[in-house]
Structures are given as structure tokens and as C-alpha cells.
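Use these hints to put chain B onto chain A, whose structure you have.
These protein sequence lines map, in sequence, to chains A and B.
Just remember that the working numbering sits 837 ahead of the position in the first sequence, which is counted from 1.
Residue 0 in the working numbering sits at position 8 of the second sequence; the count goes up by one each step and never skips.
Derived by calculation from the structure, the hints in this document are not laboratory data.
Since no wrong hints were added, every one of them can be taken at face value.
Below are the PhoX-like pairs computed for lysine-lysine, each with C-alpha atoms no more than 25 Å apart in a straight line:
#1 B:Lys202 x B:Lys230
#2 A:Lys886 x B:Lys38
#3 A:Lys1050 x B:Lys100
#4 A:Lys949 x A:Lys1045
#5 B:Lys123 x A:Lys1045
#6 A:Lys1050 x B:Lys123
#7 B:Lys193 x B:Lys171
#8 A:Lys949 x B:Lys38
#9 B:Lys172 x B:Lys193
#10 B:Lys171 x B:Lys326
#11 B:Lys103 x A:Lys1050
#12 A:Lys945 x B:Lys38
#13 A:Lys889 x A:Lys945
#14 B:Lys123 x A:Lys949
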Amino acid sequence: MNTLEQLVQYVTQNGGYIWVQFYRHFLMAAYGVLFAAIISIPLGILIAKYGKLSSWVLALGSIIQTIPALGAMAVIMIVMGLGTNTVIVTLMLYSILPIVQNTYVGMKDVDKTVIEAGFASGMTRFQLLRMVELPLAISVIMAGLRTALVIGIGIAAIGAFVGAGGLGSIILTGTNATDGTAIILAGAIPTALMAIIADLIMGWIERKLQPIKSSKSSAA
Amino acid sequence: MLEFHDVTKRYGNGKPAVNNLNLTIEKGEFVCFIGPSGCGKTTTMKMVNRLIDVTEGAILVDGKNIKEQDPVELRRSIGYVIQQIGLMPHMTIRENIVLVGTLLKWRKEKKDERARELIKLVNLPEEYLDKYPHELSGGQQQRIGVLRALAANPPLILMDEPFGALDPITRDALQEEFKKLQRELNKTIVFVTHDMDEALKLGDRIVIMKDGEIVQVDTPEEILRNPANEFVEEFLGKDRLIQGRPDVTTVGQIMNSTPITVKIGTTLKAAITKMRDERVDSLLITDSDNVLRGFLDIESINNNYKKASTVEEVMETDIYSVSQDSLLRDAIHKILRRGAQYVPIVDEGHRLVGIVTRATLATLVYDTIWGDGTEFEEIVAHAE
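Chain B on its own, in the form it takes in the complex:
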């Protein structure tokens, strides 16, 4: 899909910014470039769509040398997202999303349809299409920035620290959304970042660069287990290396697989009885296929007991859940950051498979400290 052959970039006669770089990126791969500032990661990315010209060597996109293509055509065929978002302030969201379509002279109906189709991908209402960028929050703006890159359905997307300027919670949400989107759409992504957590979380492979050269190219797990040299170790930081092992533990392995649930259609009275019997103050609600639909806590029952008779009338549908394949480290981080008491665990079909509560985490910590031949060690052993 994307190949770098002996690529060198030199400014003037000085030291090369990128030196003799060789790399092959497969279709559908999510590759993170990371390194200290000035290591040449952004230069490398910008050479792909010819924002910067290659001094020596060749870059091939789908087997074709980019030097032999018209730079304008090339840029229209490659998505591009930048940290500063760069939405056109005088254009509506609709016009912004289909900007490349406008450049490619699409018909108006085609642009309209494409804009509506895309905005659904990021769960924003269609009314937003007629708004202007300054009326949206930073996170929403960057969602639009990503959609703009997707508009002409390019197989390859370049991203230059796209989530770097967002607050941590928005960044988390966007990273997850985007990773999901990338899997669904099977895009090849070149993603430049200086945030190691981001690279470890998103990348299928991580390219660590220093002084214009590649230091290590590997999967996140491999990099954590076998850092190539001291520089990589230092760059990862001691914390992450220590966490390297539990990092591969998934929530699926530690969750409690028998959460207290009720089916949709249960009466409130039955739900209360269940709460009392099981000694819990909230219930997860699933439908007949075991798909997670919402939750119910004692307070909402209290407030609505007289008005409603079944659980779906009172339940809270805006429920935060975690996939069973996600890494334990991320999940813990999220539970703590959101201040949640528990988080339901779901599979790919959003079916409920378990629950992680603060008590689960406390047990985990306890077991780690006292190391009592407990399940945690089994998990680590299992993971290895």
C-alpha cells in the first residue's frame, strides 16, 4: 500500500531530516510514527502527499511513485488531518466535510448525500451540517476534520497529532471512535504523535524514530516486551515497561462474568425484589438477545415508582461500556477517570458478558500485593 525506499530528505547541505528510511505499510494497517520533536516523523508523513518533496529515494502509494503523479491529484486522493483542525471558518460543516468533493466537482446531490452519510459515522445530528465550525466544540470540530479526510473515500489517511490539542476525556473518546471507524472502513493510517499512550493504544505497528532514522518498528506488545535499545526504553519510560505485562491482560480476563441483570419488560416491582435479594443498588438491563440496553439504579426507581411500571420506562440508556478485548490498563484508567462505580463489559455485538466493579479492581490490587496464589497470577500466566 505505502512503501518507502531509501527515502532521504535534506534541507540545504546540513544533516538530513530523514535519512535513508525504508518501510512498507500494508493495506488497512494503522501505523503510528513517534519520536522526540525534530526526529523527522512529521517530515516523513508530509512527504507522502508531497507537502514536502523527497530529496532522494522513492515513496510508492499502491505501487505508483508519487513523484510521477500530479501533486494536486495526489493530495485529493489522500486524506489529511492536522492537530489545529483547520476547518474553513466561512463554510458550513456540510461544505467543510465535502471540500474534496467540491474540488473533484461532484454534483450537489452527491455531496449532500455524502455529508449526511459521513456525519452519521460520528454520531452527530444532521442539523449540524448547517452550522459553522465556531459553533462546535473542539472535539466535534476534530470529528468533522476526520470526516473531511474521509469524504472522497481515500484508502490512505495521514494524521498529524490529530487529537493532541483536545482535553484528555475528549481525546479518549475520539481515539476510541476513530479506531473503531478505521477497523470498519479498513483504511490505512499514518498517524504521527508524540504521546506514547496514544501510539500504544491505536497503533497496529509503531515506528519509533530518532534523528531522522527508524529505531524500531514493531507491534505495541513487542515494543513493550523487547525494546530495541536504551533509547526506546527511555522513551517508553520505566512505568510503561513495568506495566508491560499487565498491559496485555484484557478486561475479559478479570471481569465478573455474572453481572446482576434484568430483562427488558420486567416490572419495577420484580426489579426491586431482585435488587434486595442480590444486595445491589443498580441493575443492568438487557434484551432477549442479551444486548446491553441500559441500567437502572435505586434512585431512579425511587423517583419514578408511581409513574412507571416496567424497567424500560425508567432505565438510563446512556450507559458507558467497555469491550471485553480492551486492555485492562486502559479500562482501569477510564473507570477511575470517570469516577464510575462499575463498568459493564460487552462483546462485539454489544452483548453483555460481564462487569468490572471497583471491588474487582480492589481485589486485583490486593492479589498483586499479597500474591496469594490467586487468580491474578493465573491471568498473567494465561496471558503469556
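Next comes chain A alone, as it looks inside the complex:
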């Protein structure tokens, strides 16, 4: 009970501060995923078209994924210094694999006969991509962004170690304080909530982007 009271007290006294860190935390994760998407979606499309590259690119992505986030962040910090940029670059690296992989799978899963029909109807390569392949792959690509964002929110918490702020810094304050359980919770609970909410919202968007609709929903 004591911890709970302390938590309530901390949150009421530092509500504004928690909110600012929450927002900062979210922005870091979102930017990381956004920049990763800018690189990874075209990369995924490319390796789906030119099969030979795919195993190399996916293997590289997997290797990045195996490096502990804290270690990677420390190495990047040596190059980029302290601050949010280091966190964003780290997040970007970790988002590449899920996004590339999902883009690749999504593009590969598009029915070949649909592509043949489109091409034989006189679509250019670009029209085929824009009118057929991307619309049919978009929900799978979104699933990749969703995974990347949820992972990103988790990794961004470590950003506090390189002085980037975010909810991680509240947790860090808690670990340094004597009897800081309540403060740790004040940082950890919003982090978890953010991940859950992000997952739900992205899941909703993913379903909205489902390419194969029923006529009823389209009439509404």
C-alpha cells in the first residue's frame, strides 16, 4: 500500500514532467521507425523483385537484431555523442529487419496471376507497383511497422543512458534513489501502456488497410 500511495503522490506531483518524458519517448520511437521505414520499405520491394539480394539483406538484418541494444547504443554514442539522435539511429537499426522482412513477405505473397493479369493488361512496372502490389501488400507492411514500433518503444527506454531523456530517465532516477520503487513504476507503467496502445492502434490501422474488402463495408 505504501508503494501505491507513493506512486500516486509522485504522479500527482510530477504529472507534467511524466507527460513531457512520455511525449519525448514516443517521438524517439516514432522517428526511429519512420526513418527505418523510409529505408526499409524500398529495400524490401527491391529484394522482393531481385531475389538474389534477399538472403543477404535479411541475414544482415538478423545480425543487427542479435546485438544487445545497450551495446549498440554505446557504440553509436562513440560516433554520434550523447542525445536523442543516438537513440533514433539505434532504433532505426533495430526496425530495419521487421520492416524489410514484412515488406519482402508482403510483396512475395501477392498472387502472381494478378500481377500477370495486370501486366498483360498494359500496366507499366510502376503502375503495377502502385496499383496492385503495394495495395495488396500494405497490411503486411503495416504489421512490420507495428512490430518495429513496439520493439522501438522498449528500446527507447534505454535511451536514458545516453542522455536522451524519455520515460527511461524516470526509471533510472528510481533505481538511483533509495526506496525508489514508486518512481520506477511511474516510468515503467507508462512505457508499458505506450507499447500496448501503440500495438492496438497500429493493429487497427492494419485491419483498416486490409486490401480484400467486402462490398458491405465499402458501402458504409
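Just chain B, lined up with the frame of chain A:
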């Protein structure tokens, strides 16, 4: 319309997939390419819209060499239908039908109008335009696939086993619908199939291929009568060769030309009297121009006798009929497959000209077996 001049396709340095092919197809002609798998029929077709490039020789569409045309423009000007249908699952039927129109940047009103116009051709309701492909049956989807090929009104349509994946009854229906459509619209069709029955039924001419070369090009009748060599004979199969003769007999020649009918407006009472007098359990109903409108059987009279007074109130309008020019072989096949007791025979104007009943068929079989100087031999003699 479509000319192949010494066309050869080689993959790598191996044996050519298509070897020195020469063929001229006239406007409005329905040409079926047939042969065992790997004979080069699909390759030949795909070279026409440059899905596959010609190695040597030239293909001319309307006198213009396809190599000198932009492949994208060329494909938009040639219809294409494939076995797997390949409708865009994320687009409505409307968007699917006018896909080529979208690529050609038609105005929205023009696309709408064209979609409505086309869907009428295959007797599907306009509401279907707003549905998605997965909500339609396989047969309906392929109808849309055919409409997509027709959308920009191309003079030439390529079809790669379009009805191959459909069940036999749907396939029959679609073949017939499509053949009718092709005659009306006067399209030139290049149709690839491995089904000999389909080729014999649809083709104005059949191109039989083997190992990348043409073995025989002729009308279905000619191929059945005079197969070029053993390969063609074998490919046709003994059954068809034996059936080769009656194959040219039309239903018009064996039908009973005095079916029992009543005119629209007849009272039920009069219809019953007619049934009793003629000893039949169903009547065909025609209008004053003798156009077939429906049929009436004893059961429906029984069920509605109290409610209705004239035949058109009770008659069944969904009636299956056969054109008098269709081949006897097909008609028999259909009667048996549908389990129908009889089938009315109509002319081009859907006017009733006769009827073929199971009894007619039984007589035919009887005459064939006992060969009693009967009408069947006269028919064969007449046909020759």
C-alpha cells in the same frame, strides 16, 4: 488481322520452343491453338502481346510489326484472359472491368458507362459492379475476366485456357455465351486450350501444334474428316473420329418439328384440355410471333389452378433451349447432363421450331443399331 511470319522462339541455345511458324488469322476469326503441353501454343500466344519476345521472324497485328510498337501500348490494345482469372482482389468489379480504361485515363463517367454496358453482356445485375471478386462464384469471376479483356474494345483477344478451371456445367455455359458474344462483337480470338472438345466446339479454325511446329490448321469438320497424320488422329482420339460423321448432324435435322404448344393468353382450362388431348404432361408457351416464352407442366397447373386463370401467370420462364444449328453431339450431351426430359429447339430469333425429347434420342439410337432404312441414314446422307 494477325500474321505470323517465320516466327521462332528460342530459349538459350536449346531446341526452339516455337519453330518457324507461319499463320494468318483473319478478322473476326476464332482460332483455337491446341496440342500437348510444351508444344509451344502458350508461347505463341504470349508472343503476340510481347509477354514473350520473338527471337526470329515477325508478328504483324493489322499489318504493323509488334516489335516496332511500345509494348505497354500494344498490351492495352489487345485483350487478355487467363485461366486463373487474375481479378484484382482489392478492386471492385467495376474497377476490375474498366482497368484498361483507367490505364488509358478515361473519364470517370466514361468508365461507369462502359462498366454498366459490359456487365449487361453477360447477364449479371448492375449491383455486382460494387461487389468484390471474392464475393462472386468462379464462373461469374471469369465472366468479369472476359469483360475486362473487352473493356477498351480491342479487335483482338488472347485467351489462355480461360475456361479450364471451371466445373463442366459452368464451362459449357460460358463457352456458349462467349461464342455468341464473339459473333456479335466480331472479335478476333486466339484461344489456347488442351481440351479437344472445347476446340472443336468453339474454333472456326483449329491449329494443332506439336514440338513448336504446326501439324495441321483446318476447320473442326475438316480435321475430324481428314486428320493430317497419325499424331492428329491420336490426339483426336478414336471416339471422336467415329463420332466424326454424326458430329456434323445438327439438332435441326432430327428434331420433332411439331411440338405441342399453346399461345400466351390461353386459359389454364384450355391448356389442360390440350394436355389431355395430346397426352403430354408439359406444354411450351409461345407468343404471337412464335417466340418461345416459357413452359408449363402439370404440376405447376396443379399448384396454381385456383389462383391463376391464364398460362402466363403460371408458366416457368427460365427455360433451357438449343439453337437448331447446334451439333447433335453437343445437344445430346447437354440433355443427358442436365437430366432434362426434353429440350426445345429455337432459331436465331428465339422462335420455336421444334423439340428434341428423350424419345427422339431413343429412336435415333434404335435406328442406328437396327439400321432399318430409317431417317437417321437419310440424315447422314443429307449431311454429306
